[in-house]
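Sequence lines, in order, name chains A and B. Residue 1 is where the first sequence starts when you use full-length UniProt numbering, and the numbers rise one by one after that. Residue 1 is where the second sequence starts when you use full-length UniProt numbering, and the numbers rise one by one after that.
Where hints are given, some of them may not hold.
Quick list of the computed label-pair ranges, beta carbon to beta carbon [to be verified]:
1) B:LYS608 <-> A:LEU257: 45 to 53 Å
2) B:LYS219 <-> A:LYS267: 33 to 41 Å
3) A:LYS114 <-> B:THR595: 54 to 62 Å
4) A:LYS114 <-> B:GLY537: 43 to 51 Å
Read the hints as simulated data drawn from the structure, not as lab findings. For each residue, glycine too, the CB sits at the ideal point set by N, CA and C.
Number of protein chains: 2
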Amino acid sequence: MQVRYILSLLMLSGAAANAQQKSIAGFKGDATVTQQQLETRFDQQISSAHIGETIRELSAKPHHVGSTGGKAVAESVLAKFKSYGWDTHLVTYQVLFPTPKTRVLELTGPTTYKALLKEPALKEDATSGQEGQLPTYNAWSADGNVTAELVYVNFGLPEDYEWLERAGIDVKGKIVIARYGHSWRGTKPKVAQEHGAIGCIIYSDPAQDGYVQGDVYPKGAYKNEYGVQRGSIMDMVIYPGDPLTPGTGATQNAKRLERSEAANLLKIPVLPISYHDAQPLLAALTGPVAPAAWRGGLPMTYHVGPGTGKVHLEVSFDWQLRPAYDVIAEIKGAQFPDQWIIRGNHHDAWVNGAADPISGLASELEEAKAIGELVKGGYKPARTLVYCAWDAEEPGLIGSTEWVEDHADELQKKAVAYINTDNNGRGFLSAGGSHALEPMMGEIAKEVTDPQTHVSLFERKRAFNAVNAASAKGKRDAMQQQDMKLEALGSGSDYSSFLQHLGIPSLNLGFGGEDNGGEYHSIYDSYDDYTRFKDPGFVYGAALSQTAGRAVLRLADAPALPFDYRSLQKTISTYTDELQALIAEMRETTKANNTLLNTQQYSLAEDKQEKLKLPALEEDVPYIDFSPLQNALSALDKATQQQPVNNLALYQAEQQLLAKDGLPRRSWYKHTIYAPGFYTGYGVKTIPGVREAIEQRNWKEAQTQIGIVADAINRLAVYLTAAR
Amino acid sequence: MQVRYILSLLMLSGAAANAQQKSIAGFKGDATVTQQQLETRFDQQISSAHIGETIRELSAKPHHVGSTGGKAVAESVLAKFKSYGWDTHLVTYQVLFPTPKTRVLELTGPTTYKALLKEPALKEDATSGQEGQLPTYNAWSADGNVTAELVYVNFGLPEDYEWLERAGIDVKGKIVIARYGHSWRGTKPKVAQEHGAIGCIIYSDPAQDGYVQGDVYPKGAYKNEYGVQRGSIMDMVIYPGDPLTPGTGATQNAKRLERSEAANLLKIPVLPISYHDAQPLLAALTGPVAPAAWRGGLPMTYHVGPGTGKVHLEVSFDWQLRPAYDVIAEIKGAQFPDQWIIRGNHHDAWVNGAADPISGLASELEEAKAIGELVKGGYKPARTLVYCAWDAEEPGLIGSTEWVEDHADELQKKAVAYINTDNNGRGFLSAGGSHALEPMMGEIAKEVTDPQTHVSLFERKRAFNAVNAASAKGKRDAMQQQDMKLEALGSGSDYSSFLQHLGIPSLNLGFGGEDNGGEYHSIYDSYDDYTRFKDPGFVYGAALSQTAGRAVLRLADAPALPFDYRSLQKTISTYTDELQALIAEMRETTKANNTLLNTQQYSLAEDKQEKLKLPALEEDVPYIDFSPLQNALSALDKATQQQPVNNLALYQAEQQLLAKDGLPRRSWYKHTIYAPGFYTGYGVKTIPGVREAIEQRNWKEAQTQIGIVADAINRLAVYLTAAR
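The shape of chain A in the complex, shown without the other chains (with noise of 0.2 Å):
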């Protein structure tokens, strides 16, 4: 379920690169020939036609967990991990997991409409008629019947409904509509809930996501009026996994909470929808006009509600355990048998996920097979390798987070870093993760190929940015980028657990930009879309293996491993400059508001006949105390001045960054430094218990956690010292 829009997450950098590597870091002398040639006979393995046909195997039937599909799929990847000469077995976990069995909408007045719920199939699309689809849902909404007036939330987040209060107009008792985009999706019906809405339907705008876009599916990629985006409303911030089963793996006799007792279930019932459907009942709004940036694509003009009518919304769901089947290879490592470089995606979808999750499985299942192919070569990693494919990723995680959760102590003492993909596509290298990392994935990114352009993927991405900078200054700056600066990692696939919750170091990598569409999480997510719009020729899936392939076997064979923590000191160094900012800037902001306010200039510059309540004055922003965070970022920066020579420590230095309570009401969640936004769902705070709580203006929680992220800096720096 990994978000789409990963390629403006990334910055890339660094100049004059070379095609040619003639270092590897982690390697010396003879040692980076070897490797050299190893990636070289690698690469030579990679088959962009191979990978075409398994997706096309994968994503011929729907395969969602607890279906017969799910399960043919996992027995068929356990498959072919053997036949490539894998050490494998499946391990299974019974997690919960709701499909539907009541969905109705409908308007009920003045006039009368009845949602379709329903995407049609095309003769173009061969896959979209199938027996066995998930019809369109999303899971993890309560079971609920409920009939009430409708208000349209914009997107859904807690800004709108600061507008909507000025607006004098209360959700409390009544069901909204919010659009998709601008948050996760599961953001939107949890600060409806907070709000005192008793339902939530998600829609697809066509400004975001349909005709004004592109060209509609089938004619073109993007969202046709019947396409509706499935998808889990987990509140995954609170933590991911097994709702019933946190922090503990969800085997066959694990102590399970009652389904009441989960924290991150919602309460209300939720449906999304398409703009077909949501079209009736928007234009049944009346009440104020939507202001500007609230309104969308449909022919219409968008008012905010609520409307003479009524909107009557019932869900019902069967809340099973099922069986979820993740599949784990090894190749034993010979030197460092319990050091492990593990590398994940998963395999379950909401239909037939062509793009999402099978294209980055399809790279991973390459990048084995060439694997298997080097060891029957006479090739021995030195450390362990560990190819996994998850099941249950898209309802939150589940797969990948039970098995942590299972196997922490072990993962916590042997894992070295995990390697993450997901749905794959045409364009840019979007590279993510742990910043101990970050020179590794730069060499990396300069070595590999763009398969459009034959420069290497950090050129092109280079290029990108300088030409779509803002102000010449941008375009040369960008020009004169050395390095590769990897982005931090908020949520959505599945890093979470092995990142978040063990510290263990994480990847994630994928193409994307030139691949935008309608289909994610629709039947429309089929090899037919797939061929056309998404990655013709699965040249980006090769370039995905070569890619994760590298990083893997770099890190299974580098005689001193390649973390350096001198680039994860400068990393936060910049988020603590970033959040110095934030909190100057909001005491700027919230003293000119007040000053407005006090002076009433807002009373005279509003519009007389528009009536909206003017904002609330608001606390003055106090002066906070950085110098724990920056004493332990000097600390560090000694610290980091030489490297340690310790393989162990090196890898195992990130877990000195968890915090052992977790992050403030979300326990689950010990980095100090990369979480989820607990308001954007998928989308990182970095540095999050400091952030988050300037963001809710909680000094006082901002000073402690302050405190909290200084130990667990200085915790790092006296470990890294006494690891030389």
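Put chain B on the given structure of chain A with help from the hints.
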């Protein structure tokens, strides 16, 4: 035909403004008290209700130039001035004005569609079904009958054609369809013609002017699907007024050009249409998907075209000379009868024109009524008042331009200032004009009360600017503004010939920003629309009378005329800084883009499926010599340290800024500081000779023009020094 979006052109400013002004520029001691008492009595004569009656009466019937209704309105205005005690006469010019004989627009394939070209009468709008309406058309379209492929050109700006060129689409021999907005309508067919198009359709897209903005007429104020914006497409930036008599009055026996010789007439047929009529044409286009910024609010994917079918456009016109009736009303000055304060607003409309122009005319007539009452009570203005109601403004500022050209010598001797208004609505004061009048207008804006908030016009606008500033610093700066800024004037109403042809200090005043709608130049610009959506209660009509009336009375009676050339010097200095920043920014951008091209960054960054041609390399931007301008400004600074005492010198000084040969390629425009933009139309270009040369990358001309502008400023400095 004043541009509607005047609000955004305005920047106001000024701190602790006093409702009760203690001093009045140009007056001292007792004279100040007398003037305050005069203005109080003036205000007492201003009646919102009477302004409303005037609007209702003068918008009761269609009254375009040359029509029965138009003549009736001129006579009615004449009668009103007379009844108010003014010495009034009609001045008649014989001016060219085309009205439609044939209008056909149809899509000939692959589907067929015949455009309606008709706005329906509405029961909610009492005058919308009247006889005598001009049909929907653009005046000064050439006669033409063309059938060709259609291309969508977005707003039809020069940069839109640059994109088309990159996409490999040539409009030569084709018909283009452009949407209204972002440039003056006449710029669109002009640029189309420059690129070889043989016809031009202009439509109102609902994104700019329809349901995206708000509920449509008659439910709301915005343009319904059948609404059409009429309007002139005369190439007014070459010269306005009667095309056959440039530079001279279109008197009965004036020497006239052949129509084919008129440099401000286009050669291609042009027709404006509604979005109802545009949708089938746009839907038939194929070719590339339009870039994101080109997409409008219709429920479809915008393609650029051409399509498989063709469009047939046929228009022909009745090219007659018609009488234009300017109404001229005078009250002779008691002390300085040869110093004229001129006040004007046009009276002709495209149809009923309740807003445009009658709302502004009603305010002017209300001033005339009030001054008439003051005169009956014994008031004798020191200078002569000349109140004008212009005909034929809509087709190209014709009535005012012919009168100005006809009386050019006399005006350059006697005209102290020209004060213009046009359509008026609810909201904020918009004030533009000669910057020597900026302090006077600032005093007035601090004294006249906003009818909705009961603070001064200045305070309300400052509050708006402060609340809407993007940053805390912007808000703070806005709150601390002490003085009102005048905007520079481009074109779009009757001040153009006074200011830009003769150098007569001018002002243009009006209210807006809370009166948005889609009635502009349609049959729905009616009394019914006006009273619902523009200025219910006519309270801003009264505020406009108070504002413009004060300017008239102060200029009429000030012992020392309130011109302040220090304001002008400061303003020109600001423009000079802008020009230096502009060329520096172009230099940097050119260098960065050329580097991107020379290092293949563009081709690496581009989406290989989009097949856009690369942009062209551009000539490096040289350094040019601004010192003549800077030295001239130093001289002007020195010359303005003391105010001149000679009133004649004060008001004739601005004429020193005229260049005898005018602007390059448009010699009618003589003012070196203010002109409408060659490619923006109504939008102003300050220091136009230099600015447009830079924008067009004509470095040699930019250098020459710097010399010409510097000479003009030096002339002014010498003149003002001599007048001390």
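Indices of hints not satisfied (ascending): Violated: none.
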